[in-house]
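Student: These are the residues of each chain, in order.
Protein chains: 2
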Amino acid sequence: MEYRFAERVRNLSGNAIREIFKVLSDKEMISFAGGMPAAQCLPAKKVKVFADELLSSQPVKMLQYGQTEGYLPLRESFLKYVENVGIKGYGVDNALILSGGQQGIDLMFKTFCEVGDKILVQNPTYLAALHIAKTYQLRPVGFECGEDGVDTEDLERKIKEHNPKLVYIVPNFSNPTGKTLRLETRKKIVEIAEKYGVVVIEDDPYGRIRYKGEHLPSIKSFDKSGCVVYLTSVSKTIAPALRVALAVADEKIIRKMAVCKQAVDVQTVTLTQAVVDQFIRTGEIDRGIARSLPLYREKAEAMLAALDKYMPESFVHTVPEGGLFIWGEFTDGTSAKAKFREAVENKVAFVSGNDFFADGSGDNTMRLNFSNATLEQIELGVKRLGAIFSK
Amino acid sequence: MEYRFAERVRNLSGNAIREIFKVLSDKEMISFAGGMPAAQCLPAKKVKVFADELLSSQPVKMLQYGQTEGYLPLRESFLKYVENVGIKGYGVDNALILSGGQQGIDLMFKTFCEVGDKILVQNPTYLAALHIAKTYQLRPVGFECGEDGVDTEDLERKIKEHNPKLVYIVPNFSNPTGKTLRLETRKKIVEIAEKYGVVVIEDDPYGRIRYKGEHLPSIKSFDKSGCVVYLTSVSKTIAPALRVALAVADEKIIRKMAVCKQAVDVQTVTLTQAVVDQFIRTGEIDRGIARSLPLYREKAEAMLAALDKYMPESFVHTVPEGGLFIWGEFTDGTSAKAKFREAVENKVAFVSGNDFFADGSGDNTMRLNFSNATLEQIELGVKRLGAIFSK
Numbered sequence: 054m055e056y057r058f059a060e061r062v063r064n065l066s067g068n069a070i071r072e073i074f075k076v077l078s079d080k081e082m083i084s085f086a087g088g089m090p091a092a093q094c095l096p097a098k099k100v101k102v103f104a105d106e107l108l109s110s111q112p113v114k115m116l117q118y119g120q121t122e123g124y125l126p127l128r129e130s131f132l133k134y135v136e137n138v139g140i141k142g143y144g145v146d147n148a149l150i151l152s153g154g155q156q157g158i159d160l161m162f163k164t165f166c167e168v169g170d171k172i173l174v175q176n177p178t179y180l181a182a183l184h185i186a187k188t189y190q191l192r193p194v195g196f197e198c199g200e201d202g203v204d205t206e207d208l209e210r211k212i213k214e215h216n217p218k219l220v221y222i223v224p225n226f227s228n229p230t231g232k233t234l235r236l237e238t239r240k241k242i243v244e245i246a247e248k249y250g251v252v253v254i255e256d257d258p259y260g261r262i263r264y265k266g267e268h269l270p271s272i273k274s275f276d277k278s279g280c281v282v283y284l285t286s287v288s289k290t291i292a293p294a295l296r297v298a299l300a301v302a303d304e305k306i307i308r309k310m311a312v313c314k315q316a317v318d319v320q321t322v323t324l325t326q327a328v329v330d331q332f333i334r335t336g337e338i339d340r341g342i343a344r345s346l347p348l349y350r351e352k353a354e355a356m357l358a359a360l361d362k363y364m365p366e367s368f369v370h371t372v373p374e375g376g377l378f379i380w381g382e383f384t385d386g387t388s389a390k391a392k393f394r395e396a397v398e399n400k401v402a403f404v405s406g407n408d409f410f411a412d413g414s415g416d417n418t419m420r421l422n423f424s425n426a427t428l429e430q431i432e433l434g435v436k437r438l439g440a441i442f443s444k
Numbered sequence: 054m055e056y057r058f059a060e061r062v063r064n065l066s067g068n069a070i071r072e073i074f075k076v077l078s079d080k081e082m083i084s085f086a087g088g089m090p091a092a093q094c095l096p097a098k099k100v101k102v103f104a105d106e107l108l109s110s111q112p113v114k115m116l117q118y119g120q121t122e123g124y125l126p127l128r129e130s131f132l133k134y135v136e137n138v139g140i141k142g143y144g145v146d147n148a149l150i151l152s153g154g155q156q157g158i159d160l161m162f163k164t165f166c167e168v169g170d171k172i173l174v175q176n177p178t179y180l181a182a183l184h185i186a187k188t189y190q191l192r193p194v195g196f197e198c199g200e201d202g203v204d205t206e207d208l209e210r211k212i213k214e215h216n217p218k219l220v221y222i223v224p225n226f227s228n229p230t231g232k233t234l235r236l237e238t239r240k241k242i243v244e245i246a247e248k249y250g251v252v253v254i255e256d257d258p259y260g261r262i263r264y265k266g267e268h269l270p271s272i273k274s275f276d277k278s279g280c281v282v283y284l285t286s287v288s289k290t291i292a293p294a295l296r297v298a299l300a301v302a303d304e305k306i307i308r309k310m311a312v313c314k315q316a317v318d319v320q321t322v323t324l325t326q327a328v329v330d331q332f333i334r335t336g337e338i339d340r341g342i343a344r345s346l347p348l349y350r351e352k353a354e355a356m357l358a359a360l361d362k363y364m365p366e367s368f369v370h371t372v373p374e375g376g377l378f379i380w381g382e383f384t385d386g387t388s389a390k391a392k393f394r395e396a397v398e399n400k401v402a403f404v405s406g407n408d409f410f411a412d413g414s415g416d417n418t419m420r421l422n423f424s425n426a427t428l429e430q431i432e433l434g435v436k437r438l439g440a441i442f443s444k
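Listed in order, the protein sequences are those of chains A and B.
Just so you know, we're using my numbering here: the first sequence kicks off at 54 and counts up by one.
Just so you know, we're using my numbering here: the second sequence kicks off at 54 and counts up by one.
Please note: incorrect hints may appear among the correct ones.
[To be verified] List of simulated lysine-lysine pairs, DSSO-like, C-alpha gap at most 30 Å:
(1) LYS187(A) x LYS305(B)
(2) LYS241(A) x LYS133(A)
(3) LYS444(B) x LYS80(B)
(4) LYS305(B) x LYS305(A)
(5) LYS436(B) x LYS265(B)
(6) LYS114(A) x LYS98(B)
(7) LYS171(B) x LYS114(B)
(8) LYS277(A) x LYS240(A)
(9) LYS80(B) x LYS114(A)
(10) LYS390(B) x LYS305(A)
(11) LYS444(B) x LYS114(A)
(12) LYS98(B) x LYS99(A)
(13) LYS114(B) x LYS75(A)
(14) LYS114(B) x LYS114(A)
[Unchecked claim] Across the chosen pairs, the derived CB separations fall in these ranges:
(15) TYR249(A) x ASP207(B): 38 to 44 Å
(16) VAL369(B) x LYS277(A): 18 to 24 Å
(17) LYS277(A) x ASP79(B): 33 to 39 Å
(18) GLY142(B) x LYS80(A): 27 to 33 Å
(19) SER414(A) x GLU197(B): 54 to 60 Å
(20) HIS268(A) x SER278(B): 56 to 62 Å
(21) LYS75(A) x LYS75(B): 38 to 44 Å
(22) ARG334(B) x SER278(A): 20 to 26 Å
(23) GLU55(B) x GLY386(A): 43 to 49 Å
(24) ARG334(B) x ARG340(A): 34 to 40 Å
(25) GLY142(B) x ASP146(A): 29 to 35 Å
To be clear, the hints were calculated from the coordinates, so they are not data collected in a lab.
Note that beta-carbon positions come from the ideal geometry of N, C-alpha and C, so glycine has one too.
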């Protein structure tokens, strides 16, 4: 039978990272591709203890239908938790529990955008945001990242030129570049958003993974008018497969997102929400992060050293203060994309940088994840990359 | 700040059942509203045992990112499980794990429909399908249910008239009417779908909840051309808040749905998928269903008796052989919708039938769930309804 698929999916290819994911089942493969936390940081024992307690003390609550807006204790504790990035004075009507942070991007595009709408994104930006934009047939326009992640002059220029409803920004250890917005940039973004009536999606899954320097308040913390929607997730700080995240926004926006969430997945799994609530209330989330930071720092430094040792002179890279990624660029125009297949054949995977650019440029760039591989794998994998790119 | 919401959500009200859900936090309320399994059927102890085993034996697998298509052992065991409705000969590329059955409807509409497209639905049909249709700005057209749930002559007439890509059908103990398609109807639906190149979404969450009569093969079991997408869920047979369900379809459709799922929630929670896999592999799912059936039958009979005792003469209702619902109608045109608020004030909730009709008719109908209330609550709640509707 010939299927009459919708226009939105007719030429839609898979999300590059998800597609790469499939080749990683090869046990010999060294992956710098996904944004996976280190295996030894995944707190299975604690999850077990909390899940046991919850299933014993509240068996019906954990298994029966729950509210679309989220498990109430978690909405409360998560709101309390984000006070650490300066998000204060919000109530449960400002909070929506999400089935992973990415659902927040999806629900925001669904709530705000028509087919053909332009949205502004960092250039480069998180590739899943570009993938989601395709499913709504949006036209993402990139603005320059400048030194810290957002060139606010270019942002304002592009807003005037394209009149977008939404601007999507990863403020801390940006995916893919690892850049972090300065304090002044955060304030300026709110000023611009208010001036032009634009809503900013502040996507912050990495903010707590800082192993150097000082934490900064969120963009949302400067928002007095309701122009910022803050998203954060426990995928990098507890575990990705729990699929639990949070949106904080004006209650008019939360209400629209919740009505859309009713239509997409009814509710997030209650047990994983309640487990995350326990991680937050007991402080276990912060103890886990504290344990992971020296490890991530060690891995980042190992990868930086290996890159300097094995990669050709034309390869330059960022030196992150946190997060999970190093961003690399070949100044001589060498195409990382063209070598991807060869790399996989040599049992090392990365993400070709072009997938992060709204305009499809960036063939000469690559994103390297250092959190999931072991120190030995980092050394060996970068050595393999060096051999491939030095030919 | 004034928000520039998308057209699709500007006038979108909440899913009626989800909205009713919020009033149910009142402990005095007797609810016949949701489609909730009985609390005593929720297998918290078994979930705990399986979750413990899985977190001990496969700690990283349970918490690290997994494939969008689903946890491989579950795709295999779930495909084996649906052989009991005659779905045979399919491989894992024909299976997609969903975050609840409703996600299957959402992904199908996303994969197939443009703004303004018509889809065909039973009249009345599952209200969430109508709600999802609104989020894609579709135009649902109802066809007559006839005696068993699908009047195939009217279905064919409406296909010819409206040229839809999709037909949405609940084949067993249909939500809301409780009707079940005869064998001949199932075969005829496939014949019509093939003739006109229409895809049928067969949504089967209730099929196993049969306490009278014989199980029938699925519509999908007669499909040789790939025209049927089968959806089933464990929300009614294990527990709703696990959010695990299955789609079986031609691999071209599964691939498109999976690429869309990448964009909406990346993956379903691994732990709940693996727990469901254990329920299926150990046979615990069927033992649980077997334990629930006498209870559901008893509750259904108690509600039927109470309705006959307390409701006015003009009230007629179905007598279901399975599922979770009784469907009622006032032959004198009494509006159930108009009395809903009074019912809630009197601490008894139902779902007004009009929410299930594509054309918004059916004010004189109501859906009553009997699985979640106790026998005492059923007697008392129907007595309250009787008093309200006999005035």
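Student: All hints, please: hold or fail.
Tutor: Checked hints:
1. LYS187(A) x LYS305(B): Holds, at about 19 Å.
2. LYS241(A) x LYS133(A): Roughly 26 Å separates the two Cα atoms, so the pair holds.
3. LYS444(B) x LYS80(B): Within the cut-off at roughly 26 Å; holds.
4. LYS305(B) x LYS305(A): violated, 39 Å
5. LYS436(B) x LYS265(B): With Cα atoms ~26 Å apart, LYS436(B) and LYS265(B) stay inside 30 Å; holds.
6. LYS114(A) x LYS98(B): This hinted pair holds, its Cα atoms lying about 13 Å apart.
7. LYS171(B) x LYS114(B): Violated - the C-alpha atoms of LYS114(B) and LYS171(B) are around 42 Å apart, more than 30 Å.
8. LYS277(A) x LYS240(A): holds, 11 Å
9. LYS80(B) x LYS114(A): Given pair LYS80(B), LYS114(A) holds - Cα atoms ~14 Å apart, limit 30 Å.
10. LYS390(B) x LYS305(A): Within the cut-off at roughly 27 Å; holds.
11. LYS444(B) x LYS114(A): Distance ~37 Å between LYS444(B) and LYS114(A) Cα, so the pair is violated.
12. LYS98(B) x LYS99(A): holds, 18 Å
13. LYS114(B) x LYS75(A): Measuring from Cα to Cα gives roughly 15 Å; hence the hint holds.
14. LYS114(B) x LYS114(A): Judged against 30 Å, a Cα distance of about 26 Å means the pair holds.
15. TYR249(A) x ASP207(B): 38 to 44 Å: violated, 52 Å
16. VAL369(B) x LYS277(A): 18 to 24 Å: violated, 58 Å
17. LYS277(A) x ASP79(B): 33 to 39 Å: With a Cβ separation near 36 Å, LYS277(A) and ASP79(B) satisfy 33 to 39 Å, so the hint holds.
18. GLY142(B) x LYS80(A): 27 to 33 Å: This hint holds: roughly 31 Å between Cβ atoms.
19. SER414(A) x GLU197(B): 54 to 60 Å: 55 Å Cβ-Cβ, so the 54 to 60 Å window holds.
20. HIS268(A) x SER278(B): 56 to 62 Å: Given a distance of about 58 Å, which is inside 56 to 62 Å, the answer is holds.
21. LYS75(A) x LYS75(B): 38 to 44 Å: holds, 41 Å
22. ARG334(B) x SER278(A): 20 to 26 Å: violated, 54 Å
23. GLU55(B) x GLY386(A): 43 to 49 Å: Because 46 Å falls inside the window, the suggested range holds.
24. ARG334(B) x ARG340(A): 34 to 40 Å: holds, 35 Å
25. GLY142(B) x ASP146(A): 29 to 35 Å: Violated, at about 50 Å.
This entry does not satisfy hints 4, 7, 11, 15, 16, 22, 25, going by the numbered hints stated previously.
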